[in-house]
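Asker: In case you want the letters, here they are:
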Amino acid sequence: MNFSLFCSALVVPCRFSNTLATKLVERHRKSKLASHTREEAETKDTTVLTAPRDYKFVYPEFLPDPTWWKRDRIREKLEREDMMRRRSVIEIPEFYVGTVMAVESSDKYAPGKKNRFVGICIQRGGHGLRAGFTLRNVIDGQGVEVQYDLYNPTIIRLEVLKLEKRLDDELLYLRDAPQEYSTVPFDMEPVVLPPGIAVPINTMKVKLGPRPWHERWERQELKGVEDLGLPERFYKRAAEVAKPWQKHDLMRDYRLAINEDETEEIMTDVYGKMQGIETQQKLRRRQGPGPAK
Amino acid sequence: MLRIPIKVTARKLPHAGGRGSGPQGRINKMRKLVTALIRHERIEGQYQWVDEARGYAERLILEAQRNGDTHKGTMEMADYWLLEKDLVHKLFKVLVPRYTNYPASFTQLWSLGETFPGRPVPMAVLELKGNPWPPVVPKERDQRNSLVNILLDQARKDYRQQKYESIAALELNKQSEQQTSNIDDSSASTS
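Residue numbers (my numbering), protein chains in the order written: chain B, 1 to 293; chain A, 294 to 484.
Just so you know, these hints were derived from the structure itself, not from any lab.
Certain hints may be false.
As the list claims (entries may be wrong) - Subject to a maximum C-alpha distance of 20 Å in a straight line, what follows is the list of computed EDC-like cross-link-like pairs (lysine to aspartate or glutamate):
#: 1; chain 1: A; residue 1: K365; chain 2: B; residue 2: E262
#: 2; chain 1: B; residue 1: K113; chain 2: B; residue 2: E76
#: 3; chain 1: A; residue 1: K300; chain 2: B; residue 2: E262
#: 4; chain 1: A; residue 1: K386; chain 2: B; residue 2: E26
#: 5; chain 1: B; residue 1: K23; chain 2: A; residue 2: E377
#: 6; chain 1: A; residue 1: K365; chain 2: B; residue 2: E76
#: 7; chain 1: B; residue 1: K273; chain 2: B; residue 2: E26
If you're wondering where the values come from, they're calculated on a predicted model, not measured in any experiment.
I would like the entire structure built from these sequences, with the hints used as guidance.
Answerer: Structure representation (structure tokens):
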């Protein structure tokens, strides 16, 4: 008997007695005498310009809706071209949920036919041309939220006043928090970040007001909220209705998102086009503000 | 991107982890199947269970290949999906190198038909590609050069040759008969 085979049989515990050691299997697998077929290796072309890996977080609206029956590759491509055309006219800056922004849009009923709203971005969503975001602020002691479409032609100027991320993907709980958390002055000066720095993450924890709330926040895994201080029964019920199996469901994730290869393809396309647009914008900025469009 | 066809919605498999076990039971069954597949490289089971487990196995290998063993999320996934922890090592050190630059899917699904006698249950075999076991569908042997086949081929050829010769002889006979009849007709008309 082969000595190594003898050793491996000794080492393998009783319950794996019907299996062979990985090493042995691999040796047989690589043997040219084995009857199984082999697939030929494929080499990938690495000369193509590819987007950085975090590009999909910077421009998430370029990814199409992953719902299978809503997908249409031609429409998606045409929409992406339209978005690029809009971006070549108006500067749409990088922003995230938690960023303080100012939006100037045309409004024929407003004095001067222009309206400016400043607020904190509490939600960002949608796909393609229908992508949008929500700004929240407190005006005269009243919480106000405005939903904007990112590619709406009536938007004149989008300005990022303070670029930062928060701990959660949505800040809808600010509706149930004291007003000081969502109050932003309208005359806020833009905060300039040093170039080349990563987007700062604001780790502030919000202390929510007393119930009743808009949603059952104890059932959502919120990171940016202080201890809710609810009676025990609320957490008990939250544990009952929780779906912990979804966390590791690889196929659920796969079905609910655009897969990596397709994302890479789309983002490479976007990256190539954005290079040209960014250089144009830099030139325009250097020339200074021209006549209003 | 997975290299296998998948259903657009997942099967619920309400009885996979025992009746009443719910979605957690389903995932537990899938974990067992994926672990068994990575361990034995070939498993047999109900078609719908095995087909569902196939996606998870493919995705796990793909993630391991894409992110490597230094990626925290991928390692957590491997830890969750592989119930026997020595298989985490096998996934990253054996399977990932095996499927480097692999053009097709990593697994193969073979339908076995339904169980009989009793309630018909479609069964299937799921295997990792490049496994060392004998193939599920046996390779057809090239038997053209076996003595019996050579003799049969020759006999067939000879038979055909005979047939052609007989046909040719018949044709010749017909032609000669026609010629003689033509001569007879012409002689009759001239006289």
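Asker: Confirm or reject each hint.
Answerer: Right, here's what the structure says about each hint:
{"no.": "1", "hint": "A:K365 / B:E262", "result": "23 Å, violated"}
{"no.": "2", "hint": "B:K113 / B:E76", "result": "34 Å, violated"}
{"no.": "3", "hint": "A:K300 / B:E262", "result": "18 Å, holds"}
{"no.": "4", "hint": "A:K386 / B:E26", "result": "11 Å, holds"}
{"no.": "5", "hint": "B:K23 / A:E377", "result": "17 Å, holds"}
{"no.": "6", "hint": "A:K365 / B:E76", "result": "33 Å, violated"}
{"no.": "7", "hint": "B:K273 / B:E26", "result": "47 Å, violated"}
Violated hints, listed in ascending order, are 1, 2, 6, 7; each of the other numbered hints is respected by the structure.
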